[in-house]
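Student: I would like the entire structure built from these sequences, with the hints used as guidance.
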Amino acid sequence: KAGVTQTPRYLIKTRGQQVTLSCSPISGHRSVSWYQQTPGQGLQFLFEYFSETQRNKGNFPGRFSGRQFSNSRSEMNVSTLELGDSALYLCASSIQGDAYNEQFFGPGTRLTVL
Amino acid sequence: GDSVTQMEGPVTLSEEAFLTINCTYTATGYPSLFWYVQYPGEGLQLLLKATKADDKGSNKGFEATYRKETTSFHLEKGSVQVSDSAVYFCALSDRSGGSNYKLTFGKGTLLTVNP
Numbered sequence: 001k002a003g004v005t006q007t008p009r010y011l012i013k014t015r016g017q018q019v020t021l022s023c024s025p026i027s028g029h030r031s032v033s034w035y036q037q038t039p040g041q042g043l044q045f046l047f048e049y050f051s052e053t054q055r056n057k058g059n060f061p062g063r064f065s066g067r068q069f070s071n072s073r074s075e076m077n078v079s080t081l082e083l084g085d086s087a088l089y090l091c092a093s094s095i096q097g098d099a100y101n102e103q104f105f106g107p108g109t110r111l112t113v114l
Numbered sequence: 115g116d117s118v119t120q121m122e123g124p125v126t127l128s129e130e131a132f133l134t135i136n137c138t139y140t141a142t143g144y145p146s147l148f149w150y151v152q153y154p155g156e157g158l159q160l161l162l163k164a165t166k167a168d169d170k171g172s173n174k175g176f177e178a179t180y181r182k183e184t185t186s187f188h189l190e191k192g193s194v195q196v197s198d199s200a201v202y203f204c205a206l207s208d209r210s211g212g213s214n215y216k217l218t219f220g221k222g223t224l225l226t227v228n229p
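Chains A and B are the protein sequences, given in the same order.
Using our numbering, read the first sequence as starting at 1 and increasing by one per residue.
Using our numbering, read the second sequence as starting at 115 and increasing by one per residue.
Treat the hints loosely; a few may be bogus.
[Said to hold, decoys possible] Lysine to any residue pairs mimicking SDA-like chemistry, simulated, CA-CA at most 20 Å apart:
1) A:K57 with B:S117
2) A:K57 with A:L21
3) B:K221 with A:N59
4) A:K57 with B:T142
5) A:K57 with B:G143
6) B:K221 with A:R110
7) B:K221 with A:G58
8) B:K174 with A:E102
If you are wondering where the hints come from, they were derived from the structure by calculation, not from laboratory data.
Tutor: Rendered as C-alpha cells:
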C-alpha cells in the first residue's frame, strides 16, 4: 500500500509570493491534516479536512488556507509569504481522523522563503 | 487548552543503556496519547499509542503507560541501539469539542545513541 505522498519535496520562494503544496493520502483514507514544523515552535496544527469539509483549524493567519478534493487529495496554500513561513510542512492521513485512528505522515515539503 | 510537555533534549546514551523520556499532558477532555518518532529527513512515524487510562502501548522494545492520575505517558526502552537515534515526540488527541481531529505535540526530544 502506497504511503502518504507530498509534492514538491522542496520549494524556494521569495517574500510576497504565494505557494501551493499538495498531499495525496493513503488509499481509503478520508481525513487529511496539515502541520507546520519549525525549530522554534515545533509541530503546530494547521487544519484538518474530511470528505471535503474543514472540521478543525489551528491558530494561523488567513494567509494559510487549504482544501480537499473529492478523491481526498488535499492542497494547502500560503499567500503573501513571509520569512517566518519557512518550515517543513507535513501532511497526515487517517481513516477517520479522530483520536482512535492512527495518523500516517508524509515526508513533508521543505519550504524556504528568501 | 491542550498541551504536552516533554523533557528537553538532547539525550545522549551509549548502546544498551536504559532510556526514559518524560512526557506530561494537560487536556480538557479524555485524550488518546501517542509517541511518534522522526528519523532524519523523514516524516513522523507512530511508535506506540494508548487510548485509555492504565493502557500500555508497546512497539520495537519501547513502552509507555497511560497514567491518568499523574497525567503522564513516559517513554521507556530497556536497551537502546544506535538505530534508535532520532527525534521523539509525545502527542495527544483530545476527543472533546474543538480539540478533536488534531494532534497536539510536545517539542520533541533528540536522542543520540553512540556505539
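Student: Does each hint hold? Answer for all of them.
Tutor: Comparing the hints with the structure gives:
For a cut-off of 20 Å, the pair hint linking K57 of chain A to S117 of chain B stands: about 16 Å separates their Cα positions. Between K57 of chain A and L21 of chain A, the direct Cα distance comes to roughly 17 Å. Compliance with the 20 Å bound is thereby established for this hinted pair. Of the pairs offered as hints, the one joining K221 of chain B and N59 of chain A holds, with about 17 Å between alpha carbons and a cut-off of 20 Å not exceeded. Pair hint K57 of chain A plus T142 of chain B holds up; C-alpha atoms about 18 Å apart against a cutoff of 20 Å.
Among the hinted pairs, K57 of chain A with G143 of chain B is consistent with the structure: their alpha-carbon atoms are about 18 Å apart, no more than 20 Å. Our distance criterion of 20 Å between C-alpha atoms is met by K221 of chain B and R110 of chain A, whose separation comes to about 19 Å. Restraint check for K221 of chain B and G58 of chain A: satisfied, since their Cα atoms lie roughly 17 Å apart, inside the 20 Å limit. Between K174 of chain B and E102 of chain A the alpha-carbon distance is near 17 Å, which keeps this suggested pair within the 20 Å criterion.
Checked against the numbered hints given earlier, this structure breaks none of them.
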